[in-house]
Amino acid sequence: MNGSVSAEGEAARPGAIRFRGLTLGYDRHPAVHHLDGIIAPGDLLAVVGPNGAGKSTLLKGIVGEIAPLDGMVESGPRSGAIAYLPQAAEIDRSFPLSVLDLAAMGLWRPLGAWRSLTRQRARLIEALTAVGLNGFEDRPIGTLSGGQFQRALFARLILQDARIILLDEPFTGIDERTTGDLLALIRGWHGEGRTVVAALHDLSQVRAHFPSTLVLARRPIAWGPTREVLTPPVLARALRLSEAWDEAAAICRHETHHAAPPADGDRSIETHDHEHGHDHAHPDHHHAHGHARAPHGAVS
Amino acid sequence: MTLAALADLLVGPFVEFGFMRRALAGCLALSLSAPPLGVFLMLRRMSLMSEAMSHAILPGAAAGFLVAGLSLPAMTFGGLVAGLAVALAAGLVTRSTVLKEDASLAAFYLISLAGGVFLVSLRGSQVDLLHILFGTVLALDDDALTLLGGISSLTLVALALLYRPLVIECVDPLFLRTVSRAGGPVHSAFLALVVVNLVGGFQALGTLLAVGLMLLPAITARFWAADLSGLIPVAMLVSMLSSVAGLLVSYHAGIRLPTGPAIVLSAGALYLVSMLIGPRGGLIHRLVRRRHLEA
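From first to last, the protein sequence lines are chains H and P. Per the working numbering, the first sequence runs over residues 1 to 300. Per the working numbering, the second sequence runs over residues 1 to 295.
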């Protein structure tokens, strides 16, 4: 799906997300290191990797919540049209707000600060019904259970009607039935041609529902069709590569040689060749690892 | 007590004296604008922040007093500049560094307060800070009333315009950031409204007590109403009741009871009563266990 089409063409289409040498991190320490590639429009992509692999950081980088240390993210012509469900939503659940009002936030784009909500009530109820919260519209958000609250947030996502939807571990602490319902919604979005990117931990869930997968361990380990990517050697490598925070890490001298994006397009990602000499502290860095999907068990 | 005597007690002072009517008008204007801001401050757990802001205003007002004497425009301007500078600087530091808002605000208001004291002592003049601290509600002139009315109108209009983004910013700031750039400006505008109301309040009640009329009614309303559409009107009502009660008590009291503190003490009394008997989580309703429902 990512293949054959010209890379340039894909990046221009709405719903695509393109990374160019993207490095994201905190305090100059990279949490996502030199990521290149394109998430095709309409893709249903799972981002997996051990804790601290940079999954959440990557999603924050896409939505613009943190600025890149290096490189850039391009997401179609309207970069604002992204719906984002953060992992630990910093939502103040003690605020006296009804479920309906929470969902109604999703209509910010069309309604803004002043247009009336009263005519939208049917639409709001419809979204709440879609997530199984019919009859909850006037309940304060503080009285919802964890699963019900997540359903309410999904109703807000529905109403946002965004081309790109980012979900950061949406099923953590959510029971099986709710997870099933929400996964059905995600499949529906996929069917509607929306780009969905979800950071996930449950690999069986990924295998069952997500056609493509990005394995991340700070650096991209593998990216492609799920059944080709989620193999034991790749996962072992991801686990090994989730390096520790190195306080004294040297300055990364990786040249940003991606001014011209790779147009070969035989794969959605090109983990770069480190053929040029550089001397920093990352293990596994001083040899070429051009083939993301062909993990090599060499040195490191 | 006859009805006429009661009327005389409650309405008499306002009928008889112009300064009482002015005081009432000023306090009612403030009661419309300050309590809604207090409701948002309380819900954002920023109640103490307004206290800090009132300290930040004080040196500005004192500086205005130093330059131009007891002049309303100079003191108002000084207070506004000091308060807005602290609010903006704190907001800027919060957004661009690791500090949380309370920490950066504390840093700036301490600097502002110390700077103000330094400024006053530099001139070596004997400033009557009592006026600034405790206000002169019984000596509101036309200019002061116009100022209070203007601030009240401005606040209500601004709140109506900012209401939706402000609520979203309170509940889920990250969401607002992802859909709009309004978050930062809305927050700054809100802080500016707080400053403007505190500056207005110090005419009537003094800088320190202005916070009282902003927060006490809001906190009291929490015991009576569950959502914003209830909290805001209840807070306004509590504030108006406190104003009237405070003015009357200080008028009728045998001893000399300053009016500003009397108003805030009235609000405090309403708070204590509400805490006991308020139907939303008041003490008595917590103690008396009602049978739970079926579902």
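Bear in mind the hints are in silico, worked out from the structure with no lab data behind them. We put the CB at the ideal spot given by N, CA and C, even for glycine. Please note that a few of the clues may not be correct.
Quick list of simulated restraints, FRET-style, between CB atoms [stated by the list, open to error]:
1. P:ASP102 x H:GLY112: 25 to 33 angstroms
2. H:GLY142 x P:PRO233: 32 to 40 angstroms
3. H:LEU203 x P:ALA114: 54 to 62 angstroms
The hints, checked one at a time:
no.: 1; hint: P:ASP102 x H:GLY112: 25 to 33 angstroms; result: holds (30 angstroms)
no.: 2; hint: H:GLY142 x P:PRO233: 32 to 40 angstroms; result: violated (21 angstroms)
no.: 3; hint: H:LEU203 x P:ALA114: 54 to 62 angstroms; result: holds (58 angstroms)
In summary, the one numbered hint that this structure violates is 2.
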